[in-house]
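K.L.:
Sequence:
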Amino acid sequence: MATLQDYRNERLRKLETLRQLGVDPYPAKSERTHGCGEVLARYDELAGQEVVVAGRIVSIRSFGKLAFIKLRDQSGEVQLYLQRDDVAELDASRGILGMKQLKLLDTGDFVEARGVMTTTQTGEKSVGVHELRLLTKSLRPMPEKLENKEERFRRRYVDMNVNPEVRLRFIRRSKFWRATRDYLNQHGFTEVNVPVLEHTTGGADANPFVTHMDALDNQQFYLRISHELPLKRLIGAGFEKVYDLGPRFRNENYSDEHLPEHIAMEWYAAYWDWRAGMRFMEDMYKYVLQETFGTLQFQLGKFNIDMSGEWEVWDYAEVIRKHYGIDVYDTTIDEVAAKLKEHGLEVEKTDSIPRGIDKLWKNIRKDVAGPVWLVNTPKFISPLSKTNPENPQTVERFQPVIAGSELGNGFSELNDPIDQLNRFVEQQQMRDAGDDEAMMLDIDYVEMLEYGMPPACGWGYSERVFWIFEGVTAREGVPFPQLRHEIDETTRAIYPQVKL
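The letter at position 493 of the sequence shown is residue 493 when you use this note's numbering, and the numbering goes up by one with no holes.
Hints should not be assumed to be uniformly reliable.
What the hints assert, rightly or not - DSBU-like cross-link-like pairs, simulated, lysine-lysine; straight-line CA separation at most 30 Å: (1) K70 <-> K14; (2) K125 <-> K65; (3) K70 <-> K100; (4) K125 <-> K145; (5) K103 <-> K65; (6) K362 <-> K322; (7) K322 <-> K349.
Just so you know, the hints here were simulated from the structure itself, not pulled from any lab data.
Can you build the whole structure from these sequences, using the hints too?
P.N.:
In C-alpha cells, the structure reads:
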C-alpha cells in the first residue's frame, strides 16, 4: 500500500520534470477574471464569452483526446472541459501546459484555465479550455476524508479543504465580528485599540500569562485578561462611546466554552447606566445574530431559543434562595460548602463565599434556555461594579443567560475612587493569600478616577457567543486552537535533514 512518502516522491518526480521542461511550478501571478462559482451563477450572461478561472484541482479524468478537471475556489466548483484540438500546446515560458502534460498534474494542484463558457453534451455547464496554466504544484495529496479531531485541529488547512463546512463556519465568525463593529459604529462608538501588554492587568477574575520586555530593563508584563481598565481610562480622557475588539488571554484550562486565548469585545458609554445598556444590548444581539445566521430562532442542543422577543429578568439572590435556601447576604463558607457537596459540586481549599455561591449559580445556569437577564448581583461577586442605590448589597450589573451560558457582562461602572481603592485592596489581599485569579491593585487606575470619570455603562462579550449559537465547542470554533507541540514520525522521516 502506497504511503504518504510514496505519493510525495512521485509528485517530486513530476515537479522535477516540469522544471526540466522550463515550467515555473510556482509563478507569482494569476490572471483570473471570475470565480468558479461565479461563472455558473452568471452562466446566462457569460455563455459563449471568454473567462479565466483559477483554483485547486479536485479531480482529473482523462480519456485521450478529452479530459475533465473539476476546479474549486472559495466561490464554488466548476468543470473544465478540455478537447485536444482546442487546448494550446506546451508554452513553458508562460507556464502553459498542453494535453500531453496533464499526466504531470495531480489533485491538489492549483491551475488557471482560460476558455469559453459552454455546455457539454451531457448538459454540464463548463469552461471550454483553450489554455491551461500551472499556478502551484502540490507535493501532498489531500485525503478524501478527515475525521480524527486531533488531526483536524493540527492541520486545519487540510480540514477546511476536506470539510468545506468548517471553512463556512469561519466565514460566519467573520460576519459575527463585522456585525458587532457595524452596530457599534452605527451608534456613534469609536474603536480604539488598547495595549495587550500591561504592567498591571485587571478587569476580570483570571490568572494572567506573564512575559518580560527587554527594552524596559526586563520588566515583567502581563498579557491582558480584559480590555476594561484601559477603555475606562479613555472615558476619563473624554471619550464618550468607545470600544475595542481583539484577543485577550487567560492562563486557565481548556473547556468546551473557554480557551486561554480568544477574541473579545468591550464597549463603554459615558452617561449611560445599566438599564440603558440592557436596552442597547437586546437590540444589538438581535442585529448581530440576524446578520450572522440569518435567523433569530435557534435549536441549540436541548434548548429551543427565540431571540426575537422580550427577555425575562431574574434577581440573583432570589434565584439562589429558591434553589438552595441560602441567603447570599447572610451565609457562611460552611453553609455554602455544604450546599456544594449536596449538589455534587467540587469544594476547593481556595473557595470563598463569593466563589462558592458563583458555583451554585452556575449549577442553575446550565439548565436555563433564556434569553434571561440576570440582575442584582451581590457586591462581593462584582468588585468593579457600581452599587445599586435601591439595594446597597447589590450592584448594577446585567448578564445574559442563553442556552445554559452567560454570554456577556455589563455594569454601571464604578467611578468613586475611594470605593474602588477599597475594593482593589480587598482583592489584592485575596491574591496575596493565594488566589491567583483575584484582581491586582491598579493604583494608576485609581488615580484616573480621582481626576474624575463620568457615570458610564460598560459591556463585554467574547466569541463564546458565536460558539454557542454556531453549536460548536471552543476548539471547533477557532481556526487554529492551541495544542501540545508534537512532530509525527512521518514528518520526521520526510525531512531527515531537518532537526525537529
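K.L.:
Hint by hint, where does the structure go against what was stated? Just the numbers, ascending.
P.N.:
none
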